[in-house]
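Asker: Chain by chain, the residues:
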Amino acid sequence: MLLELMMNGHALLYTGVTLAFWSTILIVGICYTIFDLGFRFDVAWFLTETSPYMWANLGIGLAISLSVVGAAWGIYITGSSIIGGGVKAPRIKTKNLVSIIFCEAVAIYGIIMAIVISNMAERFSGTTPDTIGSKNYQAGYSMFGAGLTVGFSNLFCGICVGIVGSGAALADAQNGSLFVKILIVEIFGSAIGLFGVIVAILQTSKVKMGD
Amino acid sequence: MAQCSAKSSFILCFCLFWSSGASETHVPLLVWSSHSLPPVSPPAEGHITSHGELGLFLSAALSSGSHTVLLFLQERLSQDDFTLYGGVYGNKEDSAFKNLEAALQSHSTVFPAVECSRSSSVPVILEQELGVEPLLLTPDALENLKLDATVSNLLLISLPYCHQNQLCREELRRNDEVIGRVLKTLEAKNVPYTAIFTGLQPSRMISESSFSAPVGRSLLQSPAPPPSVRAPIMFSSSVNPCIMMWAQNINVSFTETGEDWTDLSTQTPNVTGSLCNGSNSILVLNYNAGITLSFFMSQRFFPVSARRWFNLDSVQLRQNAVSASFSSRSIYAPAEYSYHCQMVNSFRDALLINENTNASWRLNFIDFQIQGFGLANTTDFSYASDCAGFFTAGIWMGLITSLLMLLIFVYGLQMILQLNTMDRFDDPKGPCISVPQTD
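Sequences listed follow chains R and B, in order.
Heads up: the first sequence runs through residues 1 to 211, numbered per UniProt numbering.
Heads up: the second sequence runs through residues 1 to 439, numbered per UniProt numbering.
This is chain B alone, in the form it adopts within the complex:
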């Protein structure tokens, strides 16, 4: 006897089994009929037929009169099943869908991808179209069923899908045999039918890579965050900034071995004790651990060059009660400009000369810029007079020597090239000169 256990709730259970939500999951849907089907334009590659489109097609197919619709609902189905087990690589004899292929020969339509969602499903759509509830059948029960061709019938046959350990080919072959038997039975009963073969869920889900990559070329390395730059250390007398100093690293070392290099630029110093008058500027930086770094600058007018120049006379480093002074004679710039140097240290190409008894203390400023005078109301450094010139001393020496030698060479070459054989007294027609043999 027929098992009339088909209810909407049963269908809903099936819906709940469906895989989570991606609207891109799709299953193939094959429709064939004993009579004609409405023509449908072949869908574009990758197009997922929506339920609306499917509903339109089905309403066109099942519009007039009563129809018997067979719905073969396999637990899982994907296009890949046909590719793998359908004997498509010239091995037709291995095909697991022989009956299906035979059925598709006449009056068939294939939707390669029909969307698969929880809310509506193929049985629900068919139910709506036909206006009857689906009847869940086992294949054997169909033979004994009395079908009334004058009313619409919706027959639902659920087919299993293979699990992990089973041989899928055998399972699909069995399903195919079921389909074949059912179709033969219906034909024996002489009932015009429309059959649909589809799946509840896709059997293989290929997750598509997200298309959120930016169009066009881009670097693989993510853009580094812009490095945050510290503000320069400023000392303001009254209102306006008077002394400015910036360094990327302020390294001090107190021991001989140089293992205790401390970078003071990571700390924020206190500028109390700094002084700023017309001819002298002293910048005093007080750090933690009793370390104090002072810069002594002075400026005056030089009549020969007729401009004011400032000089960083000395740098004093103090740790608690011990202090060391580093003098410099070559850190100078016109007073209205700032002085910049990539490396200011006291041990290699030293600009700061250690003239103390404790000669183990060392300073090393990296990317150092200082200005003690001439700051206008702005907080920017003035033009930076750099310690590195265009040509170094060595380049100048080489240029002079080589240009001198080049000059000498060219001059000599010029002289030699303008030597000519004297031809003033050549007279080809005259008598040859006579050379006397005696004195």
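Only chain R is shown next, with the shape it has when bound in the complex:
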């Protein structure tokens, strides 16, 4: 089995990279421990020295990109099934576009949140932790968190809706009366994307970036 795994070049590459990464971390960690330099591993320094701009923009980027990944994945799964099933049962194609629309909605949530979050990003003039101020740090981290929230929620929502929609299309191709009931499953799946949006809005409700 290992040989089978090794036959795949990608697996070898990923194994190698992962091994290199973790061994670097391990060796650096051991050296720091031996030389009593553990005090230089300073998470607080990292969090205060890195700019809130970076966190904010990462949040915005992740919001839209992860949502789009979810939507795309879902559409690709559903779409393949609809197209494949539609060859033998062309009547399914109109009704099953609803699944595609549910997947697309996830991407729309993502872009709306990205626009909402990016509107909160303002310029501030501090450069040191003291002069930047706590409000700006809070803004940066909140925007990052919100972006992650909506992004991952939409990612999994999209995948979920996609797989369910794929099953719906194939079931519909077999037996036309099944579709309406399966649609309810899809609606539940799509609700979780909406939860992510709501929580992200709550996270960024108190954001006030700027001087």
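These are computed hints drawn from the structure, not numbers from a lab.
Be aware that a few hints might be false.
To be verified - Estimated spans, in silico, between C-beta atoms of each pair:
# : chain 1 : residue 1 : chain 2 : residue 2 : range
1 : B       : Arg318    : R       : Gln138    : 22 to 30 Å
2 : B       : Ser323    : R       : Ser125    : 23 to 31 Å
3 : B       : Gly389    : R       : Ala11     : 30 to 38 Å
4 : R       : Lys208    : B       : Ala224    : 20 to 28 Å
5 : R       : Trp22     : B       : Ala224    : 45 to 53 Å
6 : B       : Ile408    : R       : Ala11     : 13 to 21 Å
To be verified - Far from chain R, by Cβ distances over 12 Å, these chain B residues were calculated:
#  : residue
7  : Tyr85
8  : Ala224
9  : Val229
10 : Asn251
11 : Asp349
Stated by the list, open to error - DMTMM-like cross-link-like pairs, simulated, lysine to aspartate or glutamate; straight-line CA separation at most 25 Å:
#  : chain 1 : residue 1 : chain 2 : residue 2
12 : R       : Lys88     : B       : Asp427
13 : R       : Lys181    : B       : Glu170
14 : R       : Lys135    : R       : Asp42
15 : R       : Lys93     : B       : Glu355
16 : R       : Lys93     : B       : Glu133
17 : B       : Lys189    : B       : Asp260
18 : R       : Lys135    : B       : Glu133
19 : R       : Lys93     : B       : Asp426
20 : R       : Lys135    : B       : Glu355
21 : R       : Lys95     : B       : Asp439
22 : B       : Lys146    : B       : Glu133
23 : R       : Lys88     : B       : Asp439
24 : R       : Lys206    : R       : Glu122
25 : R       : Lys88     : B       : Asp426
26 : R       : Lys135    : R       : Glu122
27 : B       : Lys184    : B       : Glu170
28 : R       : Lys88     : B       : Glu170
29 : B       : Lys189    : B       : Glu177
30 : B       : Lys98     : B       : Glu127
In this text, all values refer to a predicted model and were calculated from it rather than measured experimentally.
Heads up, the beta-carbon is just placed ideally off N, CA and C, and yes, glycines get one too.
Mind docking chain B on chain R? Use the hints.
Answerer: Frame of chain R, contents of chain B only:
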């Protein structure tokens, strides 16, 4: 008549004229004879024949019986004279030494370099060998001289050398003619002779470069003297040092324009007023002109990291009655280590923040190291926790962002690459699928 003015003192006068002392001055010496000369192995290139060696040769040559020795003593002679005026470059007709060359054809020996010193000289050596005093002659006088071949005779003929303005070639040609005439006269008298042609001093002195350069390769730049390093400023409470501080430059400026930067590190400060107890250390440096620089440090135990940390809370600068305080929140290190930073200033990437009304005062410490606690009995700094880490904040931000994007890219690439065309229902031998035209 012969001029019998040859005395040892006369020879000594000649010796005094000789050039100062380098034992490397040498003159060529040519010996030829009407009879045979003892063989001598050719000297090595650059070898300067010493008077001892010359004496050996002459004693071998003049050993038995009585000899008549002709000594042509030119005022100056060097090998270069032969090269320049001897017609050696294929222009034999320009040679100024025609008679000499003819004389050297038979029974001759050449010493290219005989040492030239004050103490002994060729006439003196010959005098010793032959046991007779030299007889100074003019060429014309030789014709009238009655030579007794049964006793040894030492005949000295001095030849002039050209001075600055004269033509050397003509002078040497005249000398050569003199030599020729003298030799003809002696042959006419049928006297076996040994003739020596040499100089009193070398006519050209080429100073040799000293060989004192070290063998092997070395830098052209002389090694710079090791820079003297100042000792760190120390404050000792009771016996042991308690606070140590060192900086390459301690620059303070009191005016807005920054033209009056004063480097306090050139002065030696007075540390009175400093304080050192378990949790606080204050280093007070008193300089001339009423300037005082104080460093306030404190240390305490932090339970989360479970170690003691010290912090340089503030730096106070006082000039006479006016003082300014610079606070800092980012100068800290574990209490048992020292803190080092290449640049600690109050205006650019400021670690010291000026929170006074007179905002024109500035501090700039270059290569700054301080330790307020934890000094053992030694006078060395402990390990220096540096203000510069391995990665800066910017590097971390860039790394995170780029690694994240790389991760996403690799993941996407992996997904796309594992897409395959579905071939489960491919059946090349089965019927083709039928696509209904209607719904």
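Asker: Which numbered hints are broken by the structure, listed smallest first?
Answerer: Failing hints, ascending: 1, 4, 11, 13, 15, 16, 17, 18, 28 and 30.
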